[in-house]
Amino acid sequence: DGGITQSPKYLFRKEGQNVTLSCEQNLNHDAMYWYRQDPGQGLRLIYYSQIVNDFQKGDIAEGYSVSREKKESFPLTVTSAQKNPTAFYLCATQDRIGEQYFGPGTRLTVT
Amino acid sequence: AQSVTQLGSHVSVSEGALVLLRCNYSSSVPPYLFWYVQYPNQGLQLLLKYTTGATLVKGINGFEAEFKKSETSFHLTKPSAHMSDAAEYFCAVSEMDSSYKLIFGSGTRLLVRP
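Going down the list, the protein sequences come from chains A and B. Just so you know, we're using the numbering used here here: the first sequence kicks off at 1 and counts up by one. Just so you know, we're using the numbering used here here: the second sequence kicks off at 1001 and counts up by one.
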């Protein structure tokens, strides 16, 4: 069963702690993306990767970091430098004609 | 850079009425165009896409959209709204560079009244 897995669905952390969100895919897509979504707002691009061992900053990369050591995995770390980390985080892959496939999302709450 | 404008952050229709969600894009060349739907606390799901060929595109759940190059529009329609159509809808356009990454509109929340 092909798809994108994001875990966990809900994540709670204390302010000042780093936290890593998982994104795994078995669609064999080269490109992967991380978006942030705040209530009532659209998607904002955090980071993206078009190939293993390479990634680029999106529009709101400050306070976030990523790695792409394997084609299947694109974890996102929310660091303590991110001022307002509470949000819904979406991971996506992209096929060769530009269609993006989304995971179920992780809702991060930082208190 | 590309941009996408979705007119109306909220659209309310009666069950059985026509659904029309508007999307305009900026592009000097015909882009790839997409409509996605998002239900609460879920990821986005593709409704339909235009890449090349026929300008009227049919998608899932009875939705369709028409690519109009002269108007730089890709409006989403459904002849008869169902309660289950209540969701957030996002229009997206691909960057016509080597990344083909998507630029999303700000979204339109569709409310369906009984």
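Hints were generated in silico from the structure; no laboratory data involved. Careful, some of the hints might be misleading.
To be verified - Calculated pairs, DSS-like style, for lysine-lysine (alpha carbon to alpha carbon, straight line, at most 30 Å):
{"no.": "1", "chain 1": "B", "residue 1": "Lys1068", "chain 2": "B", "residue 2": "Lys1058"}
{"no.": "2", "chain 1": "B", "residue 1": "Lys1049", "chain 2": "A", "residue 2": "Lys71"}
{"no.": "3", "chain 1": "A", "residue 1": "Lys9", "chain 2": "A", "residue 2": "Lys83"}
{"no.": "4", "chain 1": "A", "residue 1": "Lys9", "chain 2": "B", "residue 2": "Lys1049"}
{"no.": "5", "chain 1": "A", "residue 1": "Lys9", "chain 2": "A", "residue 2": "Lys71"}
{"no.": "6", "chain 1": "A", "residue 1": "Lys57", "chain 2": "A", "residue 2": "Lys71"}
{"no.": "7", "chain 1": "A", "residue 1": "Lys57", "chain 2": "A", "residue 2": "Lys70"}
{"no.": "8", "chain 1": "A", "residue 1": "Lys83", "chain 2": "A", "residue 2": "Lys57"}
{"no.": "9", "chain 1": "A", "residue 1": "Lys57", "chain 2": "A", "residue 2": "Lys14"}
{"no.": "10", "chain 1": "A", "residue 1": "Lys57", "chain 2": "B", "residue 2": "Lys1049"}
{"no.": "11", "chain 1": "A", "residue 1": "Lys70", "chain 2": "B", "residue 2": "Lys1049"}
{"no.": "12", "chain 1": "A", "residue 1": "Lys9", "chain 2": "A", "residue 2": "Lys70"}
As the structure is a computational prediction, the values presented were derived from the model and not from experiment.
The hints, checked one at a time:
1. B:Lys1068 with B:Lys1058: holds (15 Å)
2. B:Lys1049 with A:Lys71: holds (26 Å)
3. A:Lys9 with A:Lys83: At roughly 22 Å apart (the allowed maximum being 30 Å), Lys83 (chain A) and Lys9 (chain A) satisfy the hint.
4. A:Lys9 with B:Lys1049: holds (28 Å)
5. A:Lys9 with A:Lys71: Holds: Lys9 (chain A) and Lys71 (chain A) sit about 22 Å apart, inside 30 Å.
6. A:Lys57 with A:Lys71: Holds, because 18 Å separates the two Cα atoms, which is no more than 30 Å.
7. A:Lys57 with A:Lys70: With a Cα-Cα distance of about 18 Å, the restraint between Lys57 (chain A) and Lys70 (chain A) holds, given a limit of 30 Å.
8. A:Lys83 with A:Lys57: holds (17 Å)
9. A:Lys57 with A:Lys14: At roughly 26 Å apart (the allowed maximum being 30 Å), Lys14 (chain A) and Lys57 (chain A) satisfy the hint.
10. A:Lys57 with B:Lys1049: holds (26 Å)
11. A:Lys70 with B:Lys1049: Measuring from Cα to Cα gives roughly 29 Å; hence the hint holds.
12. A:Lys9 with A:Lys70: Measuring from Cα to Cα gives roughly 22 Å; hence the hint holds.
Every hint, counting from the list given before, is met by this structure.
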